[in-house]
Amino acid sequence: MRNTFLIVFLYLVVTPFSYSQDLTHSSISDIKKHYRNRDYDLVLVTIEERIDHLKKGNSLADLGSFYLELGEYYNQLNDPEKSLHFLNLSEKTFTSIGDIKSLAHSWHEIAGTYYNKQDYKQAEKYWLKAMEYGSQHKDLNFYSNNLINVGEIYRLRNDFTTALSFYNRAIKIKRANQEDQNLSIAYLNKGIIYSELNRRDSAQYCFEMAVYYGEKERSSCTSLGASLFHFGKFLQKNGDFKEALVKYNKGIAIHTNCDDLLALTKLLPNLVLLYNDLKLVDSSLMASDQLLVITEQLYRRERERHGFETEARFKIREHEQSLEKEKKIIEQEVALVKKQRRIQIILFSAGALILLLIIWISRQKNQSLKQRNKLIEREKEISVMRALNQENENQLMKEKHQLEIHQKNKELTTTAMNVVNKNDVLNRIHDLIKDNPEIEQHQDSKKIIQELRLSQSIENDWNNFKLHFEQIHTGFFKTLYEKYPILTDDEIKVCSYLRIGLSTNEISQILNILPNSVNKRRNRLRKKFELLPKDGLIEFLNKI
35 MRNTFLIVFL YLVVTPFSYS QDLTHSSISD IKKHYRNRDY DLVLVTIEER
85 IDHLKKGNSL ADLGSFYLEL GEYYNQLNDP EKSLHFLNLS EKTFTSIGDI
135 KSLAHSWHEI AGTYYNKQDY KQAEKYWLKA MEYGSQHKDL NFYSNNLINV
185 GEIYRLRNDF TTALSFYNRA IKIKRANQED QNLSIAYLNK GIIYSELNRR
235 DSAQYCFEMA VYYGEKERSS CTSLGASLFH FGKFLQKNGD FKEALVKYNK
285 GIAIHTNCDD LLALTKLLPN LVLLYNDLKL VDSSLMASDQ LLVITEQLYR
335 RERERHGFET EARFKIREHE QSLEKEKKII EQEVALVKKQ RRIQIILFSA
385 GALILLLIIW ISRQKNQSLK QRNKLIEREK EISVMRALNQ ENENQLMKEK
435 HQLEIHQKNK ELTTTAMNVV NKNDVLNRIH DLIKDNPEIE QHQDSKKIIQ
485 ELRLSQSIEN DWNNFKLHFE QIHTGFFKTL YEKYPILTDD EIKVCSYLRI
535 GLSTNEISQI LNILPNSVNK RRNRLRKKFE LLPKDGLIEF LNKI
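Using the numbering used here, the first residue of the sequence shown is number 35, and each one after it goes up by one.
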């Protein structure tokens, strides 16, 4: 579920911070235009030229602003590594000049990027620093935005009481100051909590307010689309299928208009389940086909972006190396000319005949030396080009392999969540039969209940999951059994689910146990693996 909120929360993270430097905004506009046109080499060139210009002009405030906007932009592109690189540079720059206000906005954006990377500890650290600035300097809008962000961290920890207190404080401040920005997000997250607590009336009110403020705040389609999506899930969960279908379709229209493919991949699976509930088989198949097309389009777009960026970096390195070689050749020629002049002056006093002879010998020698140097330089160029080509090919293969593993892990996650959805539907059918005594006493009903229990067999689902998992992470189970024979079958299952990035809540739903039970198993695993407190369990499993 936490992956869903990466999209929901993205708007808060990347709320733009206004600066007055026209040249900086012009550079950012050029970068965005080149990126939309897929001119990735021009993107890199524009960034380097702008940074070089600002450094030469000693304009540190403008340089920090440029770093900050670059970090925001790459965060919008779901590239957290580049985003953190530029945001950390902005933090250092603003710290060096003592610009506290801009520094606080850097903290806000750094926290948002860590949130997208699911590093919630670092995200909380930087949001609290930003929140402290907003409180001390009476920047109530900035302060309330960070209240919402910190509340989201507590919500992910299932500390709903603390999370609601942060959301309510933020809503109170914003409504008192007639500030609507991000109210949609606050109400949306409250609605999600109330839905988890089965407080239906409160949840419905919050979802309605989230949609209302999302429609008012037209500057961002992310918050409105997310509000409609979760409102639809709530209605579907409570049996109002027709109204849920209306919300889903509105959300799809908004995300489609904004070209938000990632959000569509979150919404469409729920639409498929809704069509199944409504017995609309054709519509369900069409939604499934649309999901496949969008997933492939998203994968192809990401693969193309990485390919173009790699090519652009190679061209820039090649150009720099060419300039460096030309510089060395010029220096060599200058040194050679100086040497020739000194020789000519010395030999001139020895007489014209000796001078002519030496000049002739020197020319012959120089020609031979130049030819030899050219041959050596040419061999060096060929060697460097081969090395670069090999490095480029290795990098492309590595990225391709990582993308394939990532895609297959997504498929494994989808398979695991389908098991949860299947068991949830079977549980609902089972509860309906049990709630009706007349039906439950019927002989056919007992057979149906027995069939439902067989269909909910975790072992069958596990065997299917294990078969697909082994195809992607070959030897994972074998290594665990050989190195750690003391592991139980349930602990092996937890290891495999953690390996593909499932959360504690998701694992508890699959194993049909409480989240606390999952956490206890994780602690037992750490002891059996003899991990230190600083060692991460997931990082350890990823190395197996």
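No wet-lab data here; the hints were simulated from the structure.
Heads up, a few of these hints could be off.
As the list claims (entries may be wrong) - Keeping only pairs whose Cα atoms sit at most 20 Å apart, straight-line, the calculated SDA-like set for lysine to any residue is:
(1) Lys527 - Asn553
(2) Lys444 - Lys500
(3) Lys284 - Met243
(4) Lys362 - Leu403
(5) Lys250 - Leu312
(6) Lys408 - Glu365
(7) Lys300 - Asn283
(8) Lys442 - Asn452
(9) Lys250 - Asp193
(10) Lys568 - Ile578
(11) Lys313 - Ile463
(12) Lys116 - Lys126
(13) Lys512 - Phe574
(14) Lys271 - Gln212
Can the restraint linking Lys313 and Ile463 be considered satisfied, given a maximum Cα separation of 20 Å? holds (16 Å)
Lys568 paired with Ile578 [C-alpha distance capped at 20 Å]: holds (18 Å)
Within a Cα-Cα threshold of 20 Å, do Lys442 and Asn452 meet the stated pairing? holds (15 Å)
Is Lys250 within 20 Å of Leu312, Cα to Cα? violated (32 Å)
Restraint check for Lys271 with Gln212, where alpha carbons must lie at most 20 Å apart: violated (33 Å)
Regarding the pair Lys527 and Asn553, is the alpha-carbon distance no greater than 20 Å? Holds. Lys527 to Asn553 sits at ~13 Å (cutoff 20 Å).
Between Lys300 and Asn283, is the straight-line Cα distance small enough, at 20 Å or below? Holds: Lys300 and Asn283 sit about 13 Å apart, inside 20 Å.
Holds or violated: Lys408 and Glu365, Cα atoms, limit 20 Å. It holds: about 15 Å lies between the C-alpha atoms, which stays within 20 Å.
Going straight from one Cα to the other, do Lys444 and Lys500 come out at no more than 20 Å? Answer holds: Lys444 to Lys500 is near 15 Å, not above 20 Å.
Would you check the hint for Lys116 and Lys126, treating anything up to 20 Å between C-alpha atoms as holding? holds (16 Å)
Hint consistency between Lys362 and Leu403 [alpha-carbon to alpha-carbon, up to 20 Å]: At roughly 15 Å apart (the allowed maximum being 20 Å), Leu403 and Lys362 satisfy the hint.
When you check the alpha-carbon spacing of Lys250 and Asp193, does it fall within 20 Å? Distance of about 30 Å is beyond 20 Å: violated.
Comparing the model with each numbered hint stated earlier shows that hints 5, 9, 14 do not hold.
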